[in-house]
Amino acid sequence: MRRRALSLRTAAAGAVIALGMGLATPLPTAAAAAGPTDDYCQSQCGDILPPGENGNATLADILANRVLGTRPAHTSDQLGPYADLASGYQGLTDAKLSSFYNDASFGVPKDQVASTYSPRADVTITRDKATGVPHIKGTTRSGTEFGAGYAAAHDRLWLMDLFRHVGRGELTSFAGGAAANQGLEQQFWRAAPYTEADLQAQVDRLASAGKRGAQALADAQAYVDGINAYIAKAKPGRYFPGEYDLTGHIDPITNAGTIDRFQLTDLIALASVVGALFGSGGGGEVQSALSLQAAQAKYGVTQGTKVWESFRERDDPEAVRTLHDGQTFPYAVKPAHARGTAMPDPGSVTREPLVYDRTGSAVQGEAGERTPVKAPANLKPLQGVFDNGVLPADLFATPRKGMSNALLVSAGHTASGHPVAVFGPQTGYFAPQLLMLEELQGPGISARGAAFAGLSLYVELGRGQDYAWSATSAGQDVTDTYAVQLCDPDGGTPSKDATSYLWHGSCVPMEKLERTDSWSPTLADSTAKGSYRMQVYRTKYGPVQYRATIDGKPVAYTTLRSSYRHEADSIIGFQMLNDPGYVHDPASFQSAAQHINYTFNWFYADSRHTAYYNSGSNPVRAPGVDASLPVLAQPAYEWRGFDPDGNTADYTPPAQHPQSVDQDYYVSWNNKQAIGYDSATFGNGSVHRANLLDDRVKALVAKGGVTRAELTRAMADAAVTDLRGEDVLPDLLAVLRSAPISDPRVNATVQELENWAADGSKRRETSEGSHAYADSDAIRVMDAWWPALVKAEFRPGLGDGLYTALTASLTVDEAPSAGHGPTGSHAGSAFQYGWWSYVDKDLRAVLGKPVSGALGEKYCGGGDLSACRTVLLDSLKQAAAEPASQVYPGDDGCAAGDQWCADSIVQRPLGGVTDDRISWQNRPTYQQVVEFPAHR
Numbered sequence: 001m002r003r004r005a006l007s008l009r010t011a012a013a014g015a016v017i018a019l020g021m022g023l024a025t026p027l028p029t030a031a032a033a034a035g036p037t038d039d040y041c042q043s044q045c046g047d048i049l050p051p052g053e054n055g056n057a058t059l060a061d062i063l064a065n066r067v068l069g070t071r072p073a074h075t076s077d078q079l080g081p082y083a084d085l086a087s088g089y090q091g092l093t094d095a096k097l098s099s100f101y102n103d104a105s106f107g108v109p110k111d112q113v114a115s116t117y118s119p120r121a122d123v124t125i126t127r128d129k130a131t132g133v134p135h136i137k138g139t140t141r142s143g144t145e146f147g148a149g150y151a152a153a154h155d156r157l158w159l160m161d162l163f164r165h166v167g168r169g170e171l172t173s174f175a176g177g178a179a180a181n182q183g184l185e186q187q188f189w190r191a192a193p194y195t196e197a198d199l200q201a202q203v204d205r206l207a208s209a210g211k212r213g214a215q216a217l218a219d220a221q222a223y224v225d226g227i228n229a230y231i232a233k234a235k236p237g238r239y240f241p242g243e244y245d246l247t248g249h250i251d252p253i254t255n256a257g258t259i260d261r262f263q264l265t266d267l268i269a270l271a272s273v274v275g276a277l278f279g280s281g282g283g284g285e286v287q288s289a290l291s292l293q294a295a296q297a298k299y300g301v302t303q304g305t306k307v308w309e310s311f312r313e314r315d316d317p318e319a320v321r322t323l324h325d326g327q328t329f330p331y332a333v334k335p336a337h338a339r340g341t342a343m344p345d346p347g348s349v350t351r352e353p354l355v356y357d358r359t360g361s362a363v364q365g366e367a368g369e370r371t372p373v374k375a376p377a378n379l380k381p382l383q384g385v386f387d388n389g390v391l392p393a394d395l396f397a398t399p400r401k402g403m404s405n406a407l408l409v410s411a412g413h414t415a416s417g418h419p420v421a422v423f424g425p426q427t428g429y430f431a432p433q434l435l436m437l438e439e440l441q442g443p444g445i446s447a448r449g450a451a452f453a454g455l456s457l458y459v460e461l462g463r464g465q466d467y468a469w470s471a472t473s474a475g476q477d478v479t480d481t482y483a484v485q486l487c488d489p490d491g492g493t494p495s496k497d498a499t500s501y502l503w504h505g506s507c508v509p510m511e512k513l514e515r516t517d518s519w520s521p522t523l524a525d526s527t528a529k530g531s532y533r534m535q536v537y538r539t540k541y542g543p544v545q546y547r548a549t550i551d552g553k554p555v556a557y558t559t560l561r562s563s564y565r566h567e568a569d570s571i572i573g574f575q576m577l578n579d580p581g582y583v584h585d586p587a588s589f590q591s592a593a594q595h596i597n598y599t600f601n602w603f604y605a606d607s608r609h610t611a612y613y614n615s616g617s618n619p620v621r622a623p624g625v626d627a628s629l630p631v632l633a634q635p636a637y638e639w640r641g642f643d644p645d646g647n648t649a650d651y652t653p654p655a656q657h658p659q660s661v662d663q664d665y666y667v668s669w670n671n672k673q674a675i676g677y678d679s680a681t682f683g684n685g686s687v688h689r690a691n692l693l694d695d696r697v698k699a700l701v702a703k704g705g706v707t708r709a710e711l712t713r714a715m716a717d718a719a720v721t722d723l724r725g726e727d728v729l730p731d732l733l734a735v736l737r738s739a740p741i742s743d744p745r746v747n748a749t750v751q752e753l754e755n756w757a758a759d760g761s762k763r764r765e766t767s768e769g770s771h772a773y774a775d776s777d778a779i780r781v782m783d784a785w786w787p788a789l790v791k792a793e794f795r796p797g798l799g800d801g802l803y804t805a806l807t808a809s810l811t812v813d814e815a816p817s818a819g820h821g822p823t824g825s826h827a828g829s830a831f832q833y834g835w836w837s838y839v840d841k842d843l844r845a846v847l848g849k850p851v852s853g854a855l856g857e858k859y860c861g862g863g864d865l866s867a868c869r870t871v872l873l874d875s876l877k878q879a880a881a882e883p884a885s886q887v888y889p890g891d892d893g894c895a896a897g898d899q900w901c902a903d904s905i906v907q908r909p910l911g912g913v914t915d916d917r918i919s920w921q922n923r924p925t926y927q928q929v930v931e932f933p934a935h936r
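My numbering numbers the first residue of the sequence shown as 1 and each following residue consecutively.
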């Protein structure tokens with residue numbers, strides 16, 4: 001068997017060489033440099049985006065990766081420096097930042113030019129030797145955007161094609177019927193179903209949005225033209241992504257087949273995916289109603305509501321806030337006397353069906369059926385590479401992935417007297433990455449940074465000539481649930497599944513949106529032939545998500561999001577951020593951010609100032625409406641100024657959005673923005689992962705003289721810290737040590753936890769590459785103990801029904817290795833969602849410590865310290881006995897019991913090339929470190 005395996009490997013290697021000779025035609029190059037533009041950062045701007053800039057692998061490249069382990073140039077060269085910070089940050093100085101971040105200066109020095117090419121006479125694309133990033137310089141604006149599109153297709157064509165199909169609910173038809181692909185397209189299309197007319201309407205609206213709208217449309221068209229120019233050259237040149245061969249779109253032998261040209265509506269479809277992933281907030285009101293009813297059933301209406309509100313933590317006084325100087329920005333505030341709340345009859349809620357007419361492998365129970373196609377011998381190593389899906393099935397899983405962080409220190413507290421910023425979006429880890437790097441220089445455009453693939457006509461997060469900006473997901477509530485009353489157009493009694501509803505007193509039909517997908521097995525995806533039809537009913541109040549009865553009358557619960565059908569609107573804000581003639585100070589930056597309707601926290605730094613602005617189309621709700629619960633679909637409770645034809649409404653004015661200039665410091669990790677700006681989700685209380693940043697930056701500011709390296713160290717230290725260990729374990733230990741521990745084994749376990757806390761509660765290797773954690777046994781105990789202690793602490797008092805309902809609203813845990821958490825395993829991002837605040841507040845109350853915003857009841861041991869201690873000791877003893885193989889059960893890439901591997905970050909492949917796993921860090925995917933010493 002070994003000899004045969006070796007012969008197969010040798011044969012495959014030969015096939016790689018043969019394919020490489022036939023399928024990889026290089027792009028034209030010339031010896032020229034990208035000329036420098038006005039750059040006021042003076043080599044003090046750095047950035048990094050793993051795994052690498054190059055996301056284009058030909059069929060030969062993919063085969064070589066699978067057989068020989070090789071990768072195309074610049075596919076993974078940023079992964080090493082990015083990963084190394086986890087073990088190298090402790091001795092970090094400004095001079096050493098270049099070991100972990102790339103120079104983000106404008107232009108490319110002559111001796112660092114790897115290649116230049118001009119896909120059109122009015123634009124030149126220069127790629128640097130170090131990273132392969134495209135530096136696009138146009139003599140015309142159209143040429144600049146054409147080059148941006150050309151470079152995007154060069155680096156991310158396959159990824160862009162995937163996401164334009166996701167945005168249309170057509171992933172399985174395009175990439176195969178794997179169960180993960182089915183699940184992902186169903187999740188997305190349920191929440192954001194679009195027709196081609198809907199997409200085109202956004203394009204048309206942009207054309208009528210004044211001069212900037214017209215310019216954005218012209219820019220987008222030039223960008224699309226650049227994408228299509230690349231396709232037109234890459235297809236006959238056979239240097240297009242090999243995934244097209246693997247999924248049956250192109251014949252790998254004859255090159256027959258097509259890559260569909262892009263059009264403007266594809267950009268809208270792409271934008272809808274990005275908006276759904278990172279730029280929306282709110283929703284979930286039906287689940288909130290169910291948990292509120294469970295609380296009222298347990299305690300009675302008055303006390304049950306009090307208990308529920310305490311877990312809801314809408315405006316928790318102990319929550320860490322980005323604006324910490326007492327600023328108040330009331331929004332979505334709980335009304336004193338709610339009006340129009342639409343609570344369902346108990347037991348009446350049912351999820352709206354989505355999938356119909358299943359055939360073949362789409363039939364329930366047949367999802368695993370595979371019928372591999374006959375593959376040429378030289379391509380056998382690639383058989384079934386997408387059998388588990390081309391995209392992660394949980395990409396759109398709720399709760400939404402907020403992610404991203406930012407740390408900024410104002411000029412008065414830094415060593416140089418200039419602001420310092422370390423910030424970036426935490427968009428997950430993929431290969432290739434969802435984001436791509438670029439530099440754009442042309443008339444009215446001057447920027448370098450990151451943008452989502454397929455939307456890179458402007459830099460979305462990055463730097464200009466003398467300023468930098470970034471964002472974190474804000475997630476404020478811009479999504480409401482309406483209960484539309486069902487009706488019978490013939491005047492009869494409507495059933496619960498009726499397809500007509502009352503709109504302002506008239507019985508009108510719902511709009512039926514359908515998408516039929518079908519697939520057949522390919523070399524990449526062996527899933528057997530199958531098909532299904534997705535069906536969504538859409539009302540003037542949005543798509544139907546649930547059905548129920550209220551006082552015995554049938555209703556449909558719909559979801560209305562302010563940015564639905566408006567994903568393209570934000571393009572003008574991004575255009576402004578890239579325009580050096582527009583942004584030149586905090587006020588102009590905030591003005592640009594006001595034109596972005598995604599729910600983001602925007603941060604800004606130049607040589608003099610820092611600034612912050614929270615963006616989003618915040619609807620003005622009717623007086624008395626409770627944004628946390630479903631509301632009756634009646635004119636009195638609609639958004640003010642609501643026009644369903646365009647899904648527009650009155651929005652809160654810019655002055656009512658959280659904002660600030662030159663606060664001593666800013667931190668954000670998807671935490672609360674300001675007093676009165678009510679949180680859209682559960683769990684934004686006394687313990688939040690933003691505390692890890694706030695505590696560290698506050699200490700730096702108190703000391704003064706902050707440097708780029710110090711601020712980076714603060715971020716990196718928080719990135720390897722277990723939130724439970726730093727901010728909740730002291731409470732747990734205080735209860736455990738409130739009396740002597742008689743059991744020596746339990747006492748030894750507690751001592752291990754105390755030692756871990758003394759060491760900083762880190763999840764960090766003993767040495768770089770050791771793949772073993774210091775304090776590993778304490779970490780194992782905490783990972784096993786946390787879910788057990790939460791259940792033991794709260795379920796007896798809450799009861800099964802309420803405990804289950806509350807855990808449906810907020811997951812108990814999101815440790816790095818917790819595959820059951822909302823971000824899944826190997827995702828990097830951790831500790832955003834969990835019951836840490838509840839445990840902290842409850843234990844402090846039991847210990848007799850002051851608690852602001854306390855829970856409605858005391859739960860641990862019924863509020864008795866001795867009984868609470870017994871609960872914790874019993875659950876700890878149980879957790880300590882749990883073997884590592886059970887705590888970390890293993891998966892396709894990790895053996896059972898391998899703690900480091902269970903935590904490790906995987907660049908989840910979106911194409912045929914895979915990358916090495918890295919040690920866990922809780923850190924932005926794309927990150928900038930900036931300090932501007934000069935200004936225009």
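Incorrect hints may have been included.
As the list claims (entries may be wrong) - Derived lysine-lysine pairs resembling DSS-like cross-links, with alpha carbons at most 27 Å apart:
#: 1; residue 1: Lys96; residue 2: Lys129
#: 2; residue 1: Lys791; residue 2: Lys703
#: 3; residue 1: Lys762; residue 2: Lys306
#: 4; residue 1: Lys698; residue 2: Lys96
#: 5; residue 1: Lys298; residue 2: Lys858
#: 6; residue 1: Lys791; residue 2: Lys698
#: 7; residue 1: Lys791; residue 2: Lys298
#: 8; residue 1: Lys703; residue 2: Lys96
#: 9; residue 1: Lys849; residue 2: Lys698
#: 10; residue 1: Lys233; residue 2: Lys129
Said to hold, decoys possible - DEER-style ranges, computed between Cβ atoms:
#: 11; residue 1: Tyr356; residue 2: Val508; range: 19 to 29 Å
#: 12; residue 1: Ala808; residue 2: Glu511; range: 25 to 35 Å
#: 13; residue 1: Val508; residue 2: Asp892; range: 45 to 55 Å
#: 14; residue 1: His504; residue 2: Gly552; range: 20 to 30 Å
Hint data in this document are derived by calculation from the structure and do not stem from the laboratory. Every residue gets a Cβ at the ideal spot worked out from N, C-alpha and C, and that includes glycine.
List of violated hint numbers, smallest to largest: Numbers 2, 3 and 6, in rising order.
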